[in-house]
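Here the protein sequences come in this chain order: C and S. With my numbering applied, the first sequence corresponds to residues 22 to 134, in that order. With my numbering applied, the second sequence corresponds to residues 42 to 150, in that order.
These aren't lab readings, by the way, just hints derived from the structure by calculation. Just so it is clear, CB atoms sit at the ideal spot from N, CA and C, and this is done for glycine as well. Check each hint, because a few of them may be wrong.
Unchecked claim - Residues on chain C that point at chain S, a partial pick, calculated with CB under 7 Å: (1) P60; (2) G61; (3) S70.
Stated by the list, open to error - Per label pair, the in silico range of CB-to-CB distance: (4) C:I75 to S:D110: 48 to 58 Å; (5) C:S101 to S:Q100: 41 to 51 Å; (6) S:P80 to C:D94: 25 to 35 Å; (7) S:L49 to C:L100: 14 to 24 Å; (8) C:N86 to S:S58: 42 to 52 Å.
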Amino acid sequence: NAGVTQTPKFQVLKTGQSMTLQCAQDMNHEYMSWYRQDPGMGLRLIHYSVGAGITDQGEVPNGYNVSRSTTEDFPLRLLSAAPSQTSVYFCASSPGPQGTEAFFGQGTRLTVV
Amino acid sequence: GEDVEQSLFLSVREGDSSVINCTYTDSSSTYLYWYKQEPGAGLQLLTYIFSNMDMKQDQRLTVLLNKKDKHLSLRIADTQTGDSAIYFCAEKERGKLIFGQGTELSVKP
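Same shape as in the complex, but just chain S (with noise of 0.2 Å):
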């Protein structure tokens, strides 16, 4: 069946770096997800990386893949107050995302 297990809170300092772990049961999807929820908005597409990757940098966003232990996380370098939001995995199944319970991040000054 299809599971996203994500911890739904993580709390840093300003200046720290934050990660984000996820896990997922679909060994055949083929994409991964960040995305991206402020408060009363939508999701915003964060990043994705292809099953096929390991590692996926993008300025102060890693995504890092585990294909054997199903786990995929996302490192925040640097984090800011701005950067304060829920954070969803998601792998893509037959056309469909299938979300984890999103992960609150909360950054202190």
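One chain only, chain C, in its complex shape (with noise of 0.2 Å):
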């Protein structure tokens, strides 16, 4: 049972390059989000999608861009990545706005120097 696989686990970036952190769920979920974790902010949400061809902006959406093509991937883009976006992200799936579970991934670890 893969569930929510996010590639790479560690990425460390010069300020301006970018980059994609992928996210891909086996569960056939239509919600899928993005997060970006902080010490001592929590979770915030930055893009989610409620299906295949629909995304949206959450709380802190400013140099990141998504697309959902496909029901099984999110991939999140770094157009051009600055030290502020050091962070943890965080992808996650849901069967849809009722569903009681969120199931997420491991994790990105993400250093821009």
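Could you fit the two chains together into a complex? Lean on the hints.
As structure tokens, this is what we get:
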């Protein structure tokens, strides 16, 4: 049972570089989300998607892009990395708005130098 | 607006009960959740409660919900060193999970 798979687990970027964090789920879930976790701030929602072809902004969307061309995949793109984007990123999926559980990936630890 | 608040730290002795508190602002939340995060890992759902319930018990875990005060608590009975982790409460609003800052529980032997 793969669940939610995030790659890579660790990444170091230089300021100004771009990259894509990958997220895939094999549970046919409609809802997928990206969060960032910073000390003392909990998890903050970056972007989310309620189904293929539909995305929306969360609390902290600036500097990030997403797309949802398939149900399974929800990549997060950093357009021009900044040190303020150093964080741990989590992808989550859930069956739908009334689903009782969100399943989380193991996280991607990103450092921007 | 959406806001979920938790205290940041809690320290207890092994065998004692732990009570982690949370306040939220969205009175229309249908579900309220407790997640556990162990070091270096993702979040795992511990338990949840429907908004029309006052209490839910699941083995060593008891969730209390006071809708009037918008207050949620998680009680862990007979706390063990393996319970040391960060505990997040969360509310679901229009399909989005809104998390508190997380409470770091430290269990001393």
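Status of each hint after checking the structure:
Annotation: C:P60 was flagged as interfacial toward chain S, and the flag is violated, the nearest CB pair being 9 Å apart, outside 7 Å. A hinted interface residue such as C:G61 counts as satisfied when its beta carbon comes closer than 7 Å to some beta carbon of chain S; here the least separation is about 6 Å, so the hint holds. A cut of 7 Å between beta carbons decides the hint on C:S70: the least distance to chain S is about 10 Å, and the hint is violated. A hinted range of 48 to 58 Å is violated for the C-beta pair C:I75 and S:D110, which are about 36 Å apart.
Checking the proposed 41 to 51 Å range against C:S101 and S:Q100 shows it holds: the Cβ atoms sit about 48 Å from each other. Distance hint for S:P80 and C:D94: a CB-CB separation of about 28 Å, consistent with the stated range 25 to 35 Å. A hinted range of 14 to 24 Å for the beta carbons of S:L49 and C:L100 is inconsistent with their spacing of about 32 Å. C:N86 and S:S58 have their C-beta atoms about 46 Å apart, which keeps the hinted 42 to 52 Å range intact.
Hints 1, 3, 4 and 7 from the earlier list are contradicted by this structure; the remaining hints agree with it.
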